[in-house]
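Chain residues, written in single-letter form:
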Amino acid sequence: MVIFYIEHENGSLKKNCYETAAYAAALAQQTQSQSVGICLGSVSAESLAALGEYGTNKVLQDTNARFDTEVDAGVLAKAVAAQAQQLNAQYVIIPHSYLGRALAPRVSVRLKAALVPAVVEMPDTEGKFLVKRGVFSGKGFAYCTAHTTVKVLTVAANAFPAIKTGTSVAEVQNFTAETTDTRVKRISVEKLSNKVSLTEADIVVSAGRGLKGPENWGMIEELADVLGAATACSRPVADTHWRPHHEHVGQTGVTVSPNLYIAIGISGAIQHLAGVNSSKVIVVINKDPEAPFFKAADYGVVGDAFEVVPKLITALKAYKAS
Amino acid sequence: MKILVCLSKVPDTTTKISFTDNNTKFNAQGVTWILNPTDEWYALVRALEIVEQQGGSVTVIHVGNAEGDQLIRKALAIGANDAVRIDVEPQDAFQAAANIAQYAAQQSYDLIMTGKETINYNGAIVGGIIAEILELPYVSLASSLDVNGSTATMKCEIEGGEETVEASLPLVVSANKGMAEQRIPNMRGIMTARTKPLSVIPAFANTQTQVEVVKFEAPPTRGNVHLVDPDNMDELVRLLHDEAKVI
Ligand SMILES: Cc1cc2nc3c(=O)[nH]c(=O)nc-3n(C[C@H](O)[C@H](O)[C@H](O)COP(=O)(O)OP(=O)(O)OC[C@H]3O[C@@H](n4cnc5c(N)ncnc54)[C@H](O)[C@@H]3O)c2cc1C
Ligand SMILES: Nc1ncnc2c1ncn2[C@@H]1O[C@H](COP(=O)(O)O)[C@@H](O)[C@H]1O
Numbered sequence: 008m009v010i011f012y013i014e015h016e017n018g019s020l021k022k023n024c025y026e027t028a029a030y031a032a033a034l035a036q037q038t039q040s041q042s043v044g045i046c047l048g049s050v051s052a053e054s055l056a057a058l059g060e061y062g063t064n065k066v067l068q069d070t071n072a073r074f075d076t077e078v079d080a081g082v083l084a085k086a087v088a089a090q091a092q093q094l095n096a097q098y099v100i101i102p103h104s105y106l107g108r109a110l111a112p113r114v115s116v117r118l119k120a121a122l123v124p125a126v127v128e129m130p131d132t133e134g135k136f137l138v139k140r141g142v143f144s145g146k147g148f149a150y151c152t153a154h155t156t157v158k159v160l161t162v163a164a165n166a167f168p169a170i171k172t173g174t175s176v177a178e179v180q181n182f183t184a185e186t187t188d189t190r191v192k193r194i195s196v197e198k199l200s201n202k203v204s205l206t207e208a209d210i211v212v213s214a215g216r217g218l219k220g221p222e223n224w225g226m227i228e229e230l231a232d233v234l235g236a237a238t239a240c241s242r243p244v245a246d247t248h249w250r251p252h253h254e255h256v257g258q259t260g261v262t263v264s265p266n267l268y269i270a271i272g273i274s275g276a277i278q279h280l281a282g283v284n285s286s287k288v289i290v291v292i293n294k295d296p297e298a299p300f301f302k303a304a305d306y307g308v309v310g311d312a313f314e315v316v317p318k319l320i321t322a323l324k325a326y327k328a329s
Numbered sequence: 144m145k146i147l148v149c150l151s152k153v154p155d156t157t158t159k160i161s162f163t164d165n166n167t168k169f170n171a172q173g174v175t176w177i178l179n180p181t182d183e184w185y186a187l188v189r190a191l192e193i194v195e196q197q198g199g200s201v202t203v204i205h206v207g208n209a210e211g212d213q214l215i216r217k218a219l220a221i222g223a224n225d226a227v228r229i230d231v232e233p234q235d236a237f238q239a240a241a242n243i244a245q246y247a248a249q250q251s252y253d254l255i256m257t258g259k260e261t262i263n264y265n266g267a268i269v270g271g272i273i274a275e276i277l278e279l280p281y282v283s284l285a286s287s288l289d290v291n292g293s294t295a296t297m298k299c300e301i302e303g304g305e306e307t308v309e310a311s312l313p314l315v316v317s318a319n320k321g322m323a324e325q326r327i328p329n330m331r332g333i334m335t336a337r338t339k340p341l342s343v344i345p346a347f348a349n350t351q352t353q354v355e356v357v358k359f360e361a362p363p364t365r366g367n368v369h370l371v372d373p374d375n376m377d378e379l380v381r382l383l384h385d386e387a388k389v390i
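Chains A and B, in that order, give the protein sequences.
Numbering of the first sequence is given in this note's numbering, commencing with residue 8 and proceeding in unit increments.
Numbering of the second sequence is given in this note's numbering, commencing with residue 144 and proceeding in unit increments.
By construction, these hints were calculated from the structure, which means they are not laboratory data.
Hints are not guaranteed to be accurate.
[Stated by the list, open to error] Taking lysine to aspartate or glutamate and the EDC-like style, the derived pairs with C-alpha atoms no more than 20 Å apart in a straight line are:
1) A:K294 to B:D374
2) A:K198 to B:E309
3) B:K339 to B:D225
My request is simple: use the sequences and hints to build the entire structure.
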């Protein structure tokens, strides 16, 4: 049995949930097993049943609304581990999301299972178990084996496409999870309005010190808007408070792997590249043809960002309109 | 307030990563080791600030061989009171975490702090494993931490936003950017660090490795960059659509 954790928010499934479901389904198929989603909280039975399109066989749901705002991974881990034991699960699949990073280690300890975090491919389950993950902040990959029968894997964001494999409907069954006291309480949530989440974004528009000052970010925001992209920045830009900390990407910031990463006025220091070079396609806009970033780019524009970016916005708007 | 800060040892951020022995080992030749940035910059400094305001002590702990001693001395120079090194080079996150948890179980820390993740193994899981073994609450990726009596308040990054959470001590927290500002050790710190206690203890039982790296691989290299005329952004859009298929 392969079980996976269903992350949701305000009643909707999160993007990572589809990736995790697809991963679990592919693993179940590969090991001639079933994939079962565990959902704690209020999500409509229809949206859970629709996970069948991604290959999910069954969803076990505890509709208790207390789970909707539960941020104590200890409480969630207890419920997930209990289900894993009951179902005799061999694999537990969890997104490598903010919540997943707190949940997975707790589940693995409870199950005495090895945890391989942030995997980027399907494992080899034929011979010795072997799975690929990113290490050295994007400067390498490691193939890992695990010495326990039960294995917990977290799936890196944007690494495994959420592919619809059919039109099946997953069976949704209720269960009642054992609950424990919450020791971490949510006081408030601040959503960045209308913003695409940086870690999950398909497209990231990022800018560096070449922009000269925070007042010049209007065109970056506009470019991101046109593309439906998240915004990011280099470390000195966040350190000097031109942009918020959570936008800092790189080895000591957020690691991203979108389909498209557009770097504007960023030199391409090794620590910056480390956090972004698993992006599928990289576009670099820099006025210095010798900027190291061009060596790590697929497409490059040698030019002044203040001239190039507005032209790119115009071209994109024309393309979107056509 | 007794705080334990977990410090790991990682290759300097400028290290060109390569592998040896048929790609089965990380090539450590010529590598300069540093304290993992988020451990040093955020977890350690915030721990020191809390103790400076409220009294108490900061102990740093490192699981690893004697190569780590000079890095531990740096943490003492920045201001930690004492240090513990568990003398085993961990092969996976579980081994590091299980050793720290068993050491901490013999003490009574109000706070156990880690960095966000190590820049060599990028697991972001050691703190969670420690918390579960010790049955403590855990808050991961906190970008601020304030302690008031026996309650801690933290801001945490989440997808597309931030949340504020509250937890009671004792607590395990992993520190993210924003929690503190990096401190550079001064001369006096470096001098006093030499005489601060650093105890070296053997590994605990039942801390076997669970995950083993069998082989490494370098990331794929990109082809030559395709330069586009800065006056022809229609062409870039066309390439991104037709060729790269990303828009
Ligand atoms: C321990 C450590 C960890 C680090 N971690 C990170 C990290 O995680 N992330 C990170 O980003 N950095 C990190 N750094 C910093 C890194 O080394 C670089 O200093 C940083 O990435 C440079 O930022 P930048 O490219 O924005 O600025 P700069 O290096 O100043 O580059 C600005 C670029 O903009 C170009 N430019 C200027 N004007 C224009 C214009 N009008 N139009 C177009 N282009 C223009 C210039 O040609 C130049 O290439 C780290 C450093 C250390 C020591
Ligand atoms: N060998 C170690 N000794 C002490 N602390 C460690 C060690 N390895 C990891 N840590 C701590 O755990 C955090 C997360 O590590 P990881 O889960 O490997 O990304 C690091 O930022 C450190 O604070």
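How the hints compare with the structure:
1. Between K294 of chain A and D374 of chain B, the direct Cα distance comes to roughly 13 Å. Compliance with the 20 Å bound is thereby established for this hinted pair.
2. Taken as a hint, the K198 of chain A and E309 of chain B pair is honoured in the structure, with Cα atoms around 18 Å apart against an allowance of 20 Å.
3. Proposed proximity of K339 of chain B and D225 of chain B is supported: the alpha carbons are some 6 Å apart, at most 20 Å.
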